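Start from the sequences and build out the full structure, keeping to the hints where you can.
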Amino acid sequence: MWFKNIHIYRFLRPFTLSAEDLHEQLTQEAYHPCGKMDMESLGWVSPLGRQSDSLVHSLNNCIIFSARKEEKILPATVVRDFVNEKVEEIETQQMRKVRKREKDEIREQVLLDLIPRAFSRSSYLSAYIDVTNGWLFIDTPSDKKAEELISFLRQTLGSLPVVPPNVQKAPANVMTQWLVNQNDCPADIELADACVLTDQEGAVVNCKRQDLLAEEIQGHLEAGKLVTRLAVEWHERLGLILDDGLIIRRLQTLDLINTQLDDANIETPEQRFDADFAIMTLELAALIKRVFEIFGGEDEAAYAKMK
Numbered sequence: 001m002w003f004k005n006i007h008i009y010r011f012l013r014p015f016t017l018s019a020e021d022l023h024e025q026l027t028q029e030a031y032h033p034c035g036k037m038d039m040e041s042l043g044w045v046s047p048l049g050r051q052s053d054s055l056v057h058s059l060n061n062c063i064i065f066s067a068r069k070e071e072k073i074l075p076a077t078v079v080r081d082f083v084n085e086k087v088e089e090i091e092t093q094q095m096r097k098v099r100k101r102e103k104d105e106i107r108e109q110v111l112l113d114l115i116p117r118a119f120s121r122s123s124y125l126s127a128y129i130d131v132t133n134g135w136l137f138i139d140t141p142s143d144k145k146a147e148e149l150i151s152f153l154r155q156t157l158g159s160l161p162v163v164p165p166n167v168q169k170a171p172a173n174v175m176t177q178w179l180v181n182q183n184d185c186p187a188d189i190e191l192a193d194a195c196v197l198t199d200q201e202g203a204v205v206n207c208k209r210q211d212l213l214a215e216e217i218q219g220h221l222e223a224g225k226l227v228t229r230l231a232v233e234w235h236e237r238l239g240l241i242l243d244d245g246l247i248i249r250r251l252q253t254l255d256l257i258n259t260q261l262d263d264a265n266i267e268t269p270e271q272r273f274d275a276d277f278a279i280m281t282l283e284l285a286a287l288i289k290r291v292f293e294i295f296g297g298e299d300e301a302a303y304a305k306m307k
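Number 186 in the UniProt record's numbering belongs to position 186 of the sequence shown; there are no gaps in the numbering.
Simulated from the structure, these hints should not be mistaken for lab results. All values reported here derive from a predicted model rather than from experimental measurement. Keep in mind that a hint or two might mislead.
Below are the DSBU-like pairs computed for lysine-lysine, each with C-alpha atoms no more than 30 Å apart in a straight line [to be verified]:
hint, residue 1, residue 2
1, Lys-208, Lys-36
2, Lys-289, Lys-307
3, Lys-103, Lys-4
4, Lys-97, Lys-86
5, Lys-144, Lys-169
6, Lys-169, Lys-72
7, Lys-145, Lys-307
8, Lys-307, Lys-97
9, Lys-103, Lys-145
10, Lys-144, Lys-307
11, Lys-169, Lys-86
12, Lys-208, Lys-289
13, Lys-100, Lys-86
14, Lys-208, Lys-4
15, Lys-69, Lys-169
16, Lys-36, Lys-169
17, Lys-69, Lys-36
18, Lys-97, Lys-36
19, Lys-144, Lys-4
20, Lys-169, Lys-208
21, Lys-72, Lys-86
22, Lys-145, Lys-4
23, Lys-86, Lys-103
24, Lys-4, Lys-97
25, Lys-169, Lys-307
26, Lys-307, Lys-72
27, Lys-69, Lys-144
28, Lys-145, Lys-289
29, Lys-4, Lys-36
So the derived label-pair ranges between C-beta atoms look like this [what the hints assert, rightly or not]:
hint, residue 1, residue 2, range
30, Ser-18, Arg-154, 12 to 22 Å
31, Asn-206, Ala-76, 29 to 39 Å
32, Pro-141, Leu-17, 21 to 31 Å
33, Pro-141, Phe-119, 17 to 27 Å
34, Gln-218, Lys-144, 47 to 57 Å
35, Ser-123, Gly-158, 21 to 31 Å
36, Asp-184, Leu-111, 55 to 65 Å
37, Val-180, Leu-157, 36 to 46 Å
Idealized CB from N, CA, C, for every residue including glycine.
So this is what it looks like as structure tokens:
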């Protein structure tokens, strides 16, 4: 259950709900399947899967929860084909032109006929609140999906005082300096083999499986490009891509953590979930603190202006 792509948000005020209180709040917006005429449905489900009724799970003063979104699949081309077929039938039989208003009415009727017969697909999104450190982590690479979950959580709770993190130093400048002079790279950060370089004009160079200290990369840096994404390894425990937007991408466990998980006495799926969640929350707390420290620490003055 390790998160793979992480959007991080900072609570502007301490999160005071207990796991039990949060569960009760989430039940007000629990997931229900799409109705006959619904195009989509969004609601909270158990992070432990269908075998559990609890909408939250708590360890290490961290509370994990999940949302499920069901969407009807009704491609616009299918609707258009049905509408055009009906319009052509009317024009042929009645020897007249179908105007826009009537065509809109036909489209509405087509939708009423097709929606109940449409297939649906479901997607799941998990997040957890680190109560001790005041962070919200959302497991998605998509800004849109992260904002959708925040909006739904805010709707459920009535308020949600969270903002993207602010740091003192521009991450792109710091990561660029690591490639310009490897001696500036922190001792606990090891460069991997991928990065994304961007210039002020919007030109993008995506480098994969390359020596990041090679002359080709240095040439791009000398031309004014900045590192906006950088693959690194941290403490031989986690591999990840650092994003200049302070998003963690492609998180993966390395040998030290894998050995720790393998050595754990795990007999059931529930025990596996607890072991993964316990280790993940501890590791991410340490990682994020270190990442923010590397980028000059959080900008508390910026947070104060948002309160």
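These are the hints, each one checked on the structure:
At roughly 47 Å between alpha-carbon atoms, Lys-208 and Lys-36 are farther apart than 30 Å, so this suggested pair is violated. As the CA atoms of Lys-289 and Lys-307 are separated by approximately 22 Å, the hinted pair is consistent with the 30 Å bound. At most 30 Å may separate the alpha-carbon atoms for a hinted pair to count; Lys-103 and Lys-4 exceed this at roughly 46 Å. Pair hint Lys-97 plus Lys-86 holds up; C-alpha atoms about 12 Å apart against a cutoff of 30 Å.
Only pairs whose Cα atoms come within 30 Å are accepted, and Lys-144 paired with Lys-169 is accepted, the gap being roughly 25 Å. Using a Cα cut-off of 30 Å, the hinted pair Lys-169 and Lys-72 is violated, with the two alpha carbons roughly 44 Å apart. With a C-alpha separation of about 24 Å, the suggested pair Lys-145 and Lys-307 falls inside the 30 Å cut-off, and the hint holds. Straight-line distance between C-alpha atoms of Lys-307 and Lys-97 comes to about 59 Å, which puts the hinted pair past the 30 Å bound.
Of the pairs offered as hints, the one joining Lys-103 and Lys-145 is violated, with about 34 Å between alpha carbons and a cut-off of 30 Å exceeded. A hinted pair counts as satisfied when its Cα atoms are at most 30 Å apart, and Lys-144 with Lys-307 qualifies at roughly 24 Å. With a C-alpha separation of about 61 Å, the suggested pair Lys-169 and Lys-86 falls outside the 30 Å cut-off, and the hint is violated. Taken as a hint, the Lys-208 and Lys-289 pair is honoured in the structure, with Cα atoms around 27 Å apart against an allowance of 30 Å.
Annotation: proposed proximity of Lys-100 to Lys-86 holds, straight-line Cα distance about 13 Å (limit 30 Å). Among the hinted pairs, Lys-208 with Lys-4 is consistent with the structure: their alpha-carbon atoms are about 19 Å apart, no more than 30 Å. Under the criterion of a C-alpha separation no larger than 30 Å, the hint pairing Lys-69 with Lys-169 is inconsistent with the structure, at around 37 Å. The hinted pair formed by Lys-36 and Lys-169 fails the criterion: a straight-line CA distance of about 52 Å is larger than 30 Å.
This hinted pair checks out: Lys-69 and Lys-36 have alpha carbons roughly 16 Å apart, not beyond 30 Å. The suggested pairing of Lys-97 with Lys-36 is violated, with an alpha-carbon distance near 33 Å, which exceeds 30 Å. In summary, the hint linking Lys-144 to Lys-4 is supported, as the alpha carbons are separated by about 17 Å, within the 30 Å threshold. Of the supplied pair hints, the one linking Lys-169 and Lys-208 holds, its CA atoms being roughly 26 Å apart against a limit of 30 Å.
Among the hinted pairs, Lys-72 with Lys-86 is consistent with the structure: their alpha-carbon atoms are about 23 Å apart, no more than 30 Å. Distance check on the hinted pair: Lys-145 and Lys-4 sit about 14 Å apart at the alpha-carbon level, within 30 Å; holds. Note on Lys-86 and Lys-103: the hinted pairing holds, with a Cα-Cα distance of about 9 Å set against a maximum of 30 Å. Restraint check: the Cα-Cα separation between Lys-4 and Lys-97 comes to about 55 Å, which exceeds 30 Å; the hinted pair is violated.
At roughly 22 Å between alpha-carbon atoms, Lys-169 and Lys-307 fall within 30 Å of each other, so this suggested pair holds. Our distance criterion of 30 Å between C-alpha atoms is broken by Lys-307 and Lys-72, whose separation comes to about 39 Å. This hinted pair checks out: Lys-69 and Lys-144 have alpha carbons roughly 14 Å apart, not beyond 30 Å. At most 30 Å may separate the alpha-carbon atoms for a hinted pair to count; Lys-145 and Lys-289 meet this at roughly 24 Å.
At roughly 34 Å between alpha-carbon atoms, Lys-4 and Lys-36 are farther apart than 30 Å, so this suggested pair is violated. A beta carbon spacing of about 19 Å between Ser-18 and Arg-154 agrees with the range 12 to 22 Å that was offered as a hint. For Asn-206 paired with Ala-76, a C-beta distance near 31 Å keeps the hint of 29 to 39 Å intact. One distance hint, 21 to 31 Å for the beta-carbon pair Pro-141 and Leu-17, holds here, with the actual separation near 28 Å.
At roughly 25 Å, the beta-carbon separation of Pro-141 and Phe-119 lies within the given 17 to 27 Å, and the hint holds. Judged by the Cβ atoms, the range 47 to 57 Å given for Gln-218 and Lys-144 is violated: they are separated by roughly 35 Å. The hinted range of 21 to 31 Å is satisfied by Ser-123 and Gly-158, whose Cβ atoms lie roughly 25 Å apart. Judged by the Cβ atoms, the range 55 to 65 Å given for Asp-184 and Leu-111 holds: they are separated by roughly 59 Å.
At about 45 Å, the beta-carbon gap between Val-180 and Leu-157 stays in the expected band of 36 to 46 Å.
Hint compliance for this structure: hints 1, 3, 6, 8, 9, 11, 15, 16, 18, 24, 26, 29, 34 are not met, and every other hint is.
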